[in-house]
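Residues per chain are reported as follows:
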Amino acid sequence: MPRSAAVTAVQLVGVDPDAKLSLLEFLLVTTDLQASARRAVDWLAANTHVKQAMVAVVEPGTASMMLVAEHGITTAAIVDFSLARDDDAHPLIQAMRHADPTFFESTNDAFRSPIEGSAFHAIPLRTDEDSLAHGLLLTSATIPDLNPDVAWVARTLARQVGRLLSRQTLAETRFGQERMLLYSIINAVTDPILLTDTEGKLIIANTHAEKLFAAPEDASEGWRRATGLNNMLFSAALSTSAVGHSEMARRELLLVDPLEGSDLLFELLSSRATDERQGTYVVSILRNVTDLARAKEEIEESYRTLRLAQAEVRDERHRLDLIIDSVADPILVTDQEGDIVLMNEPAERLFTAPKSASDPVLRHVRANGAHLTSFVSNVLTRGGEQRYRGEIQLTDPKTGRLSPVEGLAGQILSEQGELMWVVTILHDLAEAIEKAKLFEQLKQASAELERKVQEATAELAEQNELLRRQHIALEQASALKSQFLANMSHEFRTPLNAILGYTHMLLNGVTGPISDPQRKSLSRIDSNSQHLLALINDILDITRIEAGRMPLNLSTFKIPALVDEVMSELEPIIRRSNLSVRSTMPRVLPALRSDRQKVKQIVLNLLSNALKFTPAGSVTIKASYDARSRTVDIAVSDTGVGIPEADHMKVFEDFRQLDSSPARGYGGTGLGLSICRRLSQMLDGTIDLESKVGKGSTFTLQLPARLRKR
Amino acid sequence: MTKPESADALVLVVEDYQDAREMYSAYLQFSGYRVEEATNGMEAIEKAIELMPDIILMDLALPKVDGWEATKRLKSDPRTRHIPIVALTGHALAGFAEGAREAGCDAFVTKPCLPDALVAEIRRMLAKTRQQDDDKRGSESSGQRR
Chain W
1 MPRSAAVTAV QLVGVDPDAK LSLLEFLLVT TDLQASARRA VDWLAANTHV
51 KQAMVAVVEP GTASMMLVAE HGITTAAIVD FSLARDDDAH PLIQAMRHAD
101 PTFFESTNDA FRSPIEGSAF HAIPLRTDED SLAHGLLLTS ATIPDLNPDV
151 AWVARTLARQ VGRLLSRQTL AETRFGQERM LLYSIINAVT DPILLTDTEG
201 KLIIANTHAE KLFAAPEDAS EGWRRATGLN NMLFSAALST SAVGHSEMAR
251 RELLLVDPLE GSDLLFELLS SRATDERQGT YVVSILRNVT DLARAKEEIE
301 ESYRTLRLAQ AEVRDERHRL DLIIDSVADP ILVTDQEGDI VLMNEPAERL
351 FTAPKSASDP VLRHVRANGA HLTSFVSNVL TRGGEQRYRG EIQLTDPKTG
401 RLSPVEGLAG QILSEQGELM WVVTILHDLA EAIEKAKLFE QLKQASAELE
451 RKVQEATAEL AEQNELLRRQ HIALEQASAL KSQFLANMSH EFRTPLNAIL
501 GYTHMLLNGV TGPISDPQRK SLSRIDSNSQ HLLALINDIL DITRIEAGRM
551 PLNLSTFKIP ALVDEVMSEL EPIIRRSNLS VRSTMPRVLP ALRSDRQKVK
601 QIVLNLLSNA LKFTPAGSVT IKASYDARSR TVDIAVSDTG VGIPEADHMK
651 VFEDFRQLDS SPARGYGGTG LGLSICRRLS QMLDGTIDLE SKVGKGSTFT
701 LQLPARLRKR
Chain C
1 MTKPESADAL VLVVEDYQDA REMYSAYLQF SGYRVEEATN GMEAIEKAIE
51 LMPDIILMDL ALPKVDGWEA TKRLKSDPRT RHIPIVALTG HALAGFAEGA
101 REAGCDAFVT KPCLPDALVA EIRRMLAKTR QQDDDKRGSE SSGQRR
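Chains as they are written, first to last, in our numbering: chain W, 1 to 710; chain C, 1 to 146.
Heads up, some of the hints might be wrong.
A few chain W positions that, by computed beta-carbon distances, are all more than 12 Å from chain C [as the list claims (entries may be wrong)]:
#	residue
1	181
2	188
3	200
4	493
5	575
Simulated restraints, written as ranges between beta carbons of each label pair [to be verified]:
#	chain 1	residue 1	chain 2	residue 2	range
6	W	549	C	52	32 to 40 Å
7	W	518	C	29	20 to 28 Å
8	W	481	C	42	30 to 38 Å
9	C	19	W	531	14 to 22 Å
10	W	461	C	42	53 to 61 Å
To be clear, the hints were calculated from the coordinates, so they are not data collected in a lab.
The C-beta atom is built at its ideal place from N, Cα and C for all residues, glycine as well.
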């Protein structure tokens with residue numbers, strides 16, 4: 001409810017006296033009512049707590065109130081403002097008739113207050129001389145008591161209004177009101193608007209433009225610089241553009257936000273207007289496109305990101321294709337409807353065919369597709385189960401061969417748990433079955449092989465055992481043979497001993513004198529008995545060699561002495577033969593290390609053979625030593641009957657005499673050379689034969705000079 | 001042919017084969033020796049102890065008690081230990097001679113052995129024994145002199 005507010009002071013107190021002086025000076029100089037009111041309102045805004053203020057004056061000659069200045073009043077409120085002086089019921093008209101200010105609470109519904117959302121004072125503009133107030137000053141307030149400074153301004157303004165109203169014309173006042181409306185309209189536009197001359201010099205700017213191009217006197221250095229820079233940029237933009245024409249020019253202009261220092265991008269729309277009275281000027285509207293440019297950049301950036309992401313997705317997809325194509329088992333991905341969305345090459349062989357394919361192939365492909373669909377439906381219909389494993393009967397479209405396939409179908413769910421796709425992997429069981437079969441065959445073959453090896457091993461062991469037994473049996477048989485021969489030769493000797501003994505006794509005349517014919521017969525008995533004894537001795541020798549019962553007795557001896565000994569033992573035979581027998585020994589001949597008795601037996605045998613088979617001529621025993629091979633040769637040469645080359649080997653065989661007829665003219669057992677060969681082998685030696693029929697023979701015994709015991 | 005140098009020497013011929021035994025006996029008697037015969041090892045031991053021969057000609061292959069066994073017993077008996085034994089065998093295989101020597105034989109003759117060779121061996125052994133006896137007596141007499 002409106003009520004009177006007490007004016008508590010009228011002195012120049014509270015506010016800086018200089019500020020009040022400045023206001024008073026201005027008012028004193030100016031003759032413009034509107035300028036005065038505006039100055040007063042601005043002063044209030046600058047020096048007091050008043051946030052909103054307005055001045056309305058009575059238009060002379062009319063009954064209406066005219067708004068001449070405002071601060072902080074909304075454009076809508078300015079446009080709506082209308083008050084008639086004779087509207088006696090209006091609270092503001094009533095307040096104007098009071099002598100004192102009236103306080104209005106913020107919450108009033110009696111009228112539409114120009115001061116919105118706040119309590120205010122309505123102060124009548126009246127000097128003490130005036131009977132009626134010339135106008136009203138409305139100021140926002142928080143408490144009912146009027147601020148003394150506000151009261152002072154009200155009085156000062158009232159005086160000024162009273163002074164000026166008497167001079168100012170109605171028309172001037174009206175024009176001022178319209179101009180003010182225009183201002184408020186321009187200010188209401190959020191885009192900066194400027195009116196400049198063609199050089200860019202500012203004539204009018206709205207508040208948004210002022211923020212960019214004008215710095216208050218108390219602004220910081222940075223602010224002032226920024227506005228200076230903006231003015232330069234704007235002037236440059238105007239001069240470089242084609243502002244010479246009447247049509248609209250449009251270009252971008254980069255300015256600086258004076259408060260934040262950040263870049264602001266504007267679209268500058270400027271057009272030239274010509275007024276007959278004031279000349280040519282330029283209207284410029286700046287539209288802030290900073291956010292637009294930023295948004296464009298962001299869109300471009302996200303587009304690039306999207307392109308990159310798409311490329312990655314493509315690569316990923318390519319990799320995935322490579323991977324699933326490299327799997328030998330068919331892999332398929334189907335959607336909820338069971339349609340194939342992706343498959344690898346092995347799957348393609350089963351489920352696709354070119355349109356040109358033959359009917360059976362197409363039929364198989366269709367049948368496979370149907371089997372697959374019913375298989376996949378298992379995992380589609382079973383709500384809970386995410387996987388399904390089972391067998392499918394598929395047919396190879398190319399061969400028409402039916403193959404059992406094991407399939408594993410698995411659901412692919414989205415993040416929200418919805419079924420997206422089903423992946424099915426097929427595994428050819430035929431191959432597995434075949435492999436299992438082959439493995440089984442392999443196992444059987446292996447077992448069979450093992451069994452055969454075991455059998456063979458057992459057989460081998462058996463044969464080894466048999467051989468071992470045979471070997472033992474043979475050894476026993478050989479031992480028995482040797483024993484038998486030894487026994488037999490003993491049994492031969494016993495009677496032979498008696499025959500030889502008695503023959504000797506008779507020849508020695510133990511039983512009395514004997515006649516010549518008797519002596520001749522006894523001699524025959526004696527020589528045949530001796531021959532038989534020699535045979536028995538030879539057989540005994542061979543038996544002993546073969547039974548390994550002839551030990552080696554090594555000694556070192558001289559060959560010439562041994563040859564002399566042999567020759568003297570055979571002296572009676574040599575004498576009877578009428579042959580020239582001699583020995584040839586080299587001057588240097590090393591002593592022989594060997595078995596003397598056996599060497600002597602060999603030489604004796606060779607010499608007696610030579611004497612036996614040489615009817616006329618000579619027999620030579622020749623010894624020699626080869627230092628390089630460290631061997632000794634004892635060669636017995638004769639000029640006898642000789643031996644055909646084909647028979648050279650035969651002479652060394654047992655019981656071999658080349659003329660095997662009973663009427664042969666040569667004695668001997670036929671075992672001599674056989675024994676010689678055996679003996680020479682025992683002594684690590686050899687016996688060689690050179691012979692020509694009718695020319696004679698040479699038997700050469702070759703022995704190592706020093707025999708080592710094995 | 002050969003003059004009997006020790007006509008009183010007694011030779012015990014041990015041989016189971018009669019022909020051989022009588023042949024050696026005849027030739028030894030012809031050569032001037034006294035001869036006694038035995039046909040097996042047991043008899044040889046008995047006759048050796050009873051007759052105390054100067055030398056024994058012992059065939060090794062004998063029935064009942066063989067030549068090796070008989071030789072061993074005679075050589076281990078103090079009464080007969082000094083009598084030289086000449087072994088006689090038809091087995092010429094290696095090892096027989098060694099076996100005979102181990103049994104205590106003083107000499108070894110292989111059959112067939114001609115009567116001449118046998119008598120020569122007997123004579124050699126007797127001469128050797130007589131030499132040893134002379135040496136023994138000599139050393140004993142010298143001992144008496146001291």
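Going down the list of hints, with the structure as the test:
{"no.": "1", "hint": "181", "in the structure": "holds (164 Å)"}
{"no.": "2", "hint": "188", "in the structure": "holds (154 Å)"}
{"no.": "3", "hint": "200", "in the structure": "holds (151 Å)"}
{"no.": "4", "hint": "493", "in the structure": "violated (4 Å)"}
{"no.": "5", "hint": "575", "in the structure": "holds (22 Å)"}
{"no.": "6", "hint": "W:549 to C:52: 32 to 40 Å", "in the structure": "holds (39 Å)"}
{"no.": "7", "hint": "W:518 to C:29: 20 to 28 Å", "in the structure": "holds (23 Å)"}
{"no.": "8", "hint": "W:481 to C:42: 30 to 38 Å", "in the structure": "holds (34 Å)"}
{"no.": "9", "hint": "C:19 to W:531: 14 to 22 Å", "in the structure": "holds (21 Å)"}
{"no.": "10", "hint": "W:461 to C:42: 53 to 61 Å", "in the structure": "holds (54 Å)"}
Against the hints set out earlier in the document, a violation occurs for number 4 only.
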